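**Student:** Can you make the complete structure from the sequences, with help from the hints?
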Amino acid sequence: MTAAETSEPVAAPPALDVRGVAYAYPDGHTALRHVDLTIAPGERVALLGPNGAGKTTLILHLNGILLPAAGEVRVGGLPVTKPNLKEVRRRVGVVFQDPDDQLFMPTVRDDVAFGPANLGARGAELDRQVDEALAAVGMADAADRPPHHLSFGQRRRVALATVLAMDPQVLVLDEPTSNLDPAARRDLADILLALPVAAVIATHDLPYALELCPRTVVLDDGEVVADGPTADILADADLLAAHRLELPYGFHPDAVR
Amino acid sequence: MHRLPPEVKVAATLAFVLAVVATPRHAGWAFAVDAGLVAVVARAAHLPLPTLARRLVVELPFVAFALFLPLVGEAPRTDVPGLGLSLSEPGLWAAWNILVKGTLGVAATVVLASTTSVAELLYGLDRLRVPRAFTTIAGFMVRYGEVITGEARRMRIARLSRGHDPRWIWQARAVASTAGTLFIRSYERGERIHVAMLSRGFTGERPPSSSTVTSPAERPPWLVAAVVPTVAALVAAAALAGVGP
Chain A
1 MTAAETSEPV AAPPALDVRG VAYAYPDGHT ALRHVDLTIA PGERVALLGP
51 NGAGKTTLIL HLNGILLPAA GEVRVGGLPV TKPNLKEVRR RVGVVFQDPD
101 DQLFMPTVRD DVAFGPANLG ARGAELDRQV DEALAAVGMA DAADRPPHHL
151 SFGQRRRVAL ATVLAMDPQV LVLDEPTSNL DPAARRDLAD ILLALPVAAV
201 IATHDLPYAL ELCPRTVVLD DGEVVADGPT ADILADADLL AAHRLELPYG
251 FHPDAVR
Chain B
258 MHRLPPEVKV AATLAFVLAV VATPRHAGWA FAVDAGLVAV VARAAHLPLP
308 TLARRLVVEL PFVAFALFLP LVGEAPRTDV PGLGLSLSEP GLWAAWNILV
358 KGTLGVAATV VLASTTSVAE LLYGLDRLRV PRAFTTIAGF MVRYGEVITG
408 EARRMRIARL SRGHDPRWIW QARAVASTAG TLFIRSYERG ERIHVAMLSR
458 GFTGERPPSS STVTSPAERP PWLVAAVVPT VAALVAAAAL AGVGP
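In the order they appear, the protein sequences are chains A and B. Take the first sequence: its letter number 134 is residue 134 in the numbering used here, and every next letter is one higher. Take the second sequence: its letter number 68 is residue 325 in the numbering used here, and every next letter is one higher.
Hints listed in this document are in silico derivations from the structure and should not be mistaken for laboratory results.
The calculated lysine to any residue pairs, modelled on SDA-like cross-linking and capped at a C-alpha distance of 20 Å, are: (1) A:86 with B:449; (2) A:86 with B:455; (3) A:82 with A:65.
Covered by chain B, according to a simulated footprint, are these stretches of chain A (three or more residues, beta-carbon under 8 Å): (4) 53-67; (5) 112-122; (6) 143-155; (7) 159-168.
Derived CB-CB ranges, DEER-like: (8) A:231 with B:445: 34 to 42 Å; (9) A:79 with B:308: 57 to 65 Å; (10) B:390 with A:34: 39 to 47 Å; (11) A:238 with B:438: 39 to 47 Å.
Bear in mind that the values here come from a model prediction, so they are computed numbers and not experimental data. Glycine is no exception: its CB is placed at the ideal position from the N, C-alpha and C atoms.
**Tutor:** Structure representation (structure tokens):
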């Protein structure tokens, strides 16, 4: 680690830098106690943890939907504060769990255009961004269809395109494989593996984490309880059991090492 | 017909409906001409008349109201031979007025709706300078109407699957609480949508739509589209002036 740092005289700022973040919801429930997390540019990290661990709350901090009660979040060196929100939301693309929450315009094309248009793109430039994003997820043919006529897997891919159109530096996905059939899950993995951006993938799908993310962070009860190579974490049966994580029956991470 | 820009179609339909409404109710020939116009346009749009007729069903509640009027209207009354009914003449005219204008208006709207997708309609309204807030809300209604009815259907099936079989009004409690739950869920979904919109840089103002569908035609064929409403307007004017057979 230190050797790597010294070989690079001017290190680029981390894609994401979460320091000592704590957050309680207005009803008093403490969702995040103390979270430290640093993600390098281009790094893919799985965010694991049981239901209610605070994964979604943490995700909402990464693009400033929630602002921390204590601590600080930086995106590519830029602190997440009210005046910086626009740039923060350009840099961090969040794909939410339910594509029906994300896709609200009458056509796929308009929905994908929504983000870049909010950032000021117009005309031919906007059309180019929309076409590229839809092509990246293999949905170019569906541009003029209404979202509710697409299959769930297609809607998930369009939801990804709506974020890719904003050219983010960090991609954040909340449960990207939930409700997908295995082929759609595979398609999504291929798309994600081809993207050169940093990614945070919150998931209960442990084999998926192993395939996509060299590194894993385990969050439980609002704290980071483990951070390391995915294969090592998935091989630690005691750690998994302590935090209500479970590998699929018959699956062993060493089998694919 | 299908290829006309949406804003042109919306404006033409509106003008046609206004002309029909302005036509005096005694001028039966004028309504025949108007009906002929709708039929010609439907024909040009390759819209089969049975389909058009089926979609007119939305008008039924108004028809029921119209049929009610002759029974309760004022004198002078006229007797219907054979039925032993006494009907009010002003009531009859009022019923005819509602029936014929309503049917023509709905028919024209059905032709518009059958040849224009919802998305195009919204773009059309946008370009006719209808306030953004209005078209945005209409867009949300269309988009989430299906999501919420789907949710309601699944909740109903889940209820029925657990042996629920409401037959009497006092068994409606489960239905009522389903409606309540659906309201809360829709409200929460609204909040999630808003968060998802904020995440993509939404600041309260919907940006103009981008797509190729929306790019305005070089020169919208207003002239072509104006033919039908102009004829209807002339017919209305003639009827007002007392011309006609």
